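Colleague: Chains as they are written, first to last, in the numbering used here: chain A, 1 to 390; chain B, 1 to 68; chain C, 1 to 185.
Any given hint could turn out to be false.
[What the hints assert, rightly or not] Output of the computed footprint for chain B on chain A, the stretches with three or more beta carbons under 8 angstroms from beta carbons of chain B: (1) 25 to 36; (2) 80 to 94; (3) 214 to 222; (4) 226 to 235.
[As the list claims (entries may be wrong)] Each pair of labels, with its calculated beta carbon distance range: (5) C:Gly143 / A:Asp117: 49 to 57 angstroms; (6) A:Leu101 / B:Trp29: 37 to 45 angstroms; (7) C:Gln106 / A:Glu384: 23 to 31 angstroms.
[Claimed, not checked] Some chain A residues well away from chain C (every beta-carbon gap over 10 angstroms; in silico): (8) Thr75; (9) Val151; (10) Leu162; (11) His209; (12) Pro259; (13) Leu281; (14) Tyr322; (15) Cys363.
Source of the hints: derived by calculation from the structure; they are not laboratory data.
Predicted model only: the values in this text are computed from it and were never measured.
Backbone N, C-alpha and C fix where the C-beta goes; we use that ideal spot for every residue, glycine too.
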Amino acid sequence: MRTTPYRRLVAWLLRQTLRLDVAINRLYPTDFNPLYYTGGLANFFLIVLVVSGILLLFYYVADLEGAHRSVAFITEQVPYGDLLRGVHRYAGDAFILAALLHLLRNWFTERYLYARDNPWISGMFLLLLGWFIGVNGYQLVWDDRAQAVTVLLVRMLQAVPLVGETLVRLLLGDVGVTRATLPRLLFLHVGTASFLYILLWWHYVRVRHPKVWPPATWVLTLLGVLVLLSALIPPAAGQPALPGQGTTAVPLDLFFLLPFWLAGFVPPGLVLAGLLLLFLLGFVIPYVGEEPRTDPVRHAGVAQVVDGNCTGCELCYYDCPYNAIVMVPSPYPGVTKAAANRKLLAVVIDSRCVECGICIGACPFEALELPKFLEADVRRRMAEAVAVTA
Amino acid sequence: MSRPLYLMGMVALAGASVGLAGLIVLAEWRGAERVGIAALGLILVCYGLIVLLMRKAGLIGPRRAEGR
Amino acid sequence: MDQETLTAEARPRTGAQGPVVVGFVCVWSVGLDGLVDERGRLRAFPSVQVISVPCSGFVRPNWLEEALRLGAAGAFVTGCPYGDCLNREGNYLMRDRVEQLERRLQRRRVEPARVAMLAHGLHEQAGFLEAVGAFLRRLEALGPAAPTARPGGAGAAPTARARPGGAAPAARPAPASEPAEEEGT
Numbered sequence: 001m002r003t004t005p006y007r008r009l010v011a012w013l014l015r016q017t018l019r020l021d022v023a024i025n026r027l028y029p030t031d032f033n034p035l036y037y038t039g040g041l042a043n044f045f046l047i048v049l050v051v052s053g054i055l056l057l058f059y060y061v062a063d064l065e066g067a068h069r070s071v072a073f074i075t076e077q078v079p080y081g082d083l084l085r086g087v088h089r090y091a092g093d094a095f096i097l098a099a100l101l102h103l104l105r106n107w108f109t110e111r112y113l114y115a116r117d118n119p120w121i122s123g124m125f126l127l128l129l130g131w132f133i134g135v136n137g138y139q140l141v142w143d144d145r146a147q148a149v150t151v152l153l154v155r156m157l158q159a160v161p162l163v164g165e166t167l168v169r170l171l172l173g174d175v176g177v178t179r180a181t182l183p184r185l186l187f188l189h190v191g192t193a194s195f196l197y198i199l200l201w202w203h204y205v206r207v208r209h210p211k212v213w214p215p216a217t218w219v220l221t222l223l224g225v226l227v228l229l230s231a232l233i234p235p236a237a238g239q240p241a242l243p244g245q246g247t248t249a250v251p252l253d254l255f256f257l258l259p260f261w262l263a264g265f266v267p268p269g270l271v272l273a274g275l276l277l278l279f280l281l282g283f284v285i286p287y288v289g290e291e292p293r294t295d296p297v298r299h300a301g302v303a304q305v306v307d308g309n310c311t312g313c314e315l316c317y318y319d320c321p322y323n324a325i326v327m328v329p330s331p332y333p334g335v336t337k338a339a340a341n342r343k344l345l346a347v348v349i350d351s352r353c354v355e356c357g358i359c360i361g362a363c364p365f366e367a368l369e370l371p372k373f374l375e376a377d378v379r380r381r382m383a384e385a386v387a388v389t390a
Numbered sequence: 001m002s003r004p005l006y007l008m009g010m011v012a013l014a015g016a017s018v019g020l021a022g023l024i025v026l027a028e029w030r031g032a033e034r035v036g037i038a039a040l041g042l043i044l045v046c047y048g049l050i051v052l053l054m055r056k057a058g059l060i061g062p063r064r065a066e067g068r
Numbered sequence: 001m002d003q004e005t006l007t008a009e010a011r012p013r014t015g016a017q018g019p020v021v022v023g024f025v026c027v028w029s030v031g032l033d034g035l036v037d038e039r040g041r042l043r044a045f046p047s048v049q050v051i052s053v054p055c056s057g058f059v060r061p062n063w064l065e066e067a068l069r070l071g072a073a074g075a076f077v078t079g080c081p082y083g084d085c086l087n088r089e090g091n092y093l094m095r096d097r098v099e100q101l102e103r104r105l106q107r108r109r110v111e112p113a114r115v116a117m118l119a120h121g122l123h124e125q126a127g128f129l130e131a132v133g134a135f136l137r138r139l140e141a142l143g144p145a146a147p148t149a150r151p152g153g154a155g156a157a158p159t160a161r162a163r164p165g166g167a168a169p170a171a172r173p174a175p176a177s178e179p180a181e182e183e184g185t
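Hey, can you work out the whole structure from these sequences and the hints?
Modeller: If you want it as structure tokens, here you go:
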């Protein structure tokens, strides 16, 4: 295996990640290990965000004066309103944290090979949009922090060549902060959140039985932690935003607002360029630094259906974790006696196959083979093993 | 750890949950809303731990897709 | 070694170093560096031959049976910890298949304890070796078995019947009912 410094780093990170597994598996049964459900955790927090968001929407007023007033109303007058706000805010932080854990784990365990780059690319978009939705959320409160964030965001967008002003107009609804701004921000917040579910369809489409929900013990415990946090650190709403107010020091949310802290002393255009660079680097992870596909076991070739033997029993279709096998009406009868009367034929979709060989294990009729790891090879090696070792 | 120990743990957590529920009522009565919310959070954490102890004691098994 | 030349003398062998075992180990699961020698035998248990596979789900239960037919005392499959299969479901699928295989073996009077499914992660070499050691001790306790009795009284080894397509007789994993055996029925 070609060991570039990048590959050595990733291999080391993989070992450390899995060492963490060993420690956690001592506390939990292995199928409860939260690190095996990082995607499910992110989805759980997303559902919490949607439900708490809908409840908040009942009270929120989207105009320049009403926004802060309605948020203060929720915090002070609505029974358990600060619980609602707190859960919404901390679920947002938790969502980003879970998504990053998911990204890191799938990166270090190389779960992006072959057709699994689909979940990776859609996942990068999910992370980006999730971050943007969170920033919007801070803007919707329309307090001094929101004003600071908005000013910096506008400066960042203005730094984009050619389309900068158009982007600012899209963000604010008009050339500056006007009556159209908050309804526009609310639309960006809720509309993008709805679009996330379309991206999630893309994210799941190439896998069978995606683990979309963590085990019950984690659902309860994490919900409890969110509630506890909102009691211990109630989300504040600062002073109402006033036009023309200078940007003063405001409390920062590490998960969403770090770029804005940077933009306080680095030119905002540079911050935006840096974010874009990070995003692009994330995109290329499945494609660069991969070992050449020469290992005859890890890269044994796309599964091939042996037409003559396939009886159309569908066992491979049900077992493939990537929906890479489809059953088609058999265009001609098979060769073996069992295959002669078949109605269906299995077909492997090459672009979806990750060369794992699970279908070979599922097939009772020897109708599937991995080109570089044939059944005959296995049989020969077993025979050698038994002959030699005795 | 042995099964009786897990069961004792579950009972203790259940008792703590009842106590915390009482704390919610008390906090509402005294107008200290944040205490009530913290108690609610702790109740949920206790429930999560009860389910974990149930799993370790063998009372519940893995999720159906993952083979009973 | 050709299937046709196997005779009833293919009893489960115990070599000088212990029961002969064939182990299929997934490349993504337990790290084998340092555990195996250049011929693929475990250094700790030289009678165990390891075959690396791309996923624990790649293994056909038929191969485990065949290892026993060829004379191995036992056969096992090792995958990733449950919940962490790189291919998401391979180890669960293999565990189900091994359970079904154990039931089939029982019906054919072969000790189901001769096959096993293990699950160990990259760093769990100690746990893996311990599990293999326990498996070997289990096999030693079973002792060398008599040639397996088949319905219809055929001998221990099947003869490969000529079929179009060259497929050897294969056992069908049946989820519910027991299908008719192809050998000796």
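Colleague: Are the hints correct? Go through all of them and say.
Modeller: Results of checking the hints against the structure:
Here the region 25 to 36 of chain A counts 4 residues with a CB under 8 angstroms from a CB of chain B, which clears the bar of 3, and the coverage holds. A count of 4 residues in the region 80 to 94 of chain A with a Cβ less than 8 angstroms from any Cβ of chain B is obtained; the coverage claim is therefore met, three being the minimum. Taking a C-beta to C-beta cut-off of 8 angstroms, the region 214 to 222 of chain A contributes 8 residues in contact with chain B, enough for the three needed, and the coverage statement holds. Closer than 8 angstroms: that is the beta-carbon criterion, and the region 226 to 235 of chain A has 8 residues meeting it against chain B, so the requirement of 3 holds.
Separated by about 52 angstroms at the C-beta atoms, Gly143 (chain C) and Asp117 (chain A) satisfy the suggested range of 49 to 57 angstroms. Take Leu101 (chain A) and Trp29 (chain B): their Cβ atoms lie about 41 angstroms apart, and the range 37 to 45 angstroms holds. In this structure the supplied range 23 to 31 angstroms holds for Gln106 (chain C) paired with Glu384 (chain A), their Cβ-Cβ distance being about 29 angstroms. At roughly 40 angstroms, the least C-beta separation between Thr75 (chain A) and chain C is larger than 10 angstroms, which holds for a residue marked as non-interface.
Against the 10 angstroms criterion, Val151 (chain A) stays outside the reach of chain C, whose nearest CB is about 46 angstroms from its own CB. Every C-beta of chain C lies more than 10 angstroms from that of Leu162 (chain A), the closest at about 44 angstroms, which supports listing it as non-interface. Here His209 (chain A) does not stay apart from chain C, with its beta-carbon only about 7 angstroms from theirs, under the 10 angstroms limit. Non-interface status of Pro259 (chain A) relative to chain C is upheld: no Cβ of that chain comes within 10 angstroms, the nearest being about 34 angstroms off.
Residue-level check passed: Leu281 (chain A) sits 24 angstroms from the nearest beta carbon of chain C, beyond 10 angstroms. Listed as outside the interface, Tyr322 (chain A) is inconsistent with that label: its C-beta sits roughly 8 angstroms from the nearest C-beta of chain C, within the 10 angstroms cut-off. Chain C draws Cys363 (chain A) into its interface by the beta-carbon criterion, the shortest separation being 7 angstroms against a cut-off of 10 angstroms.
Comparing the model with each earlier hint shows violations of hints 11, 14, 15; every other hint is respected.
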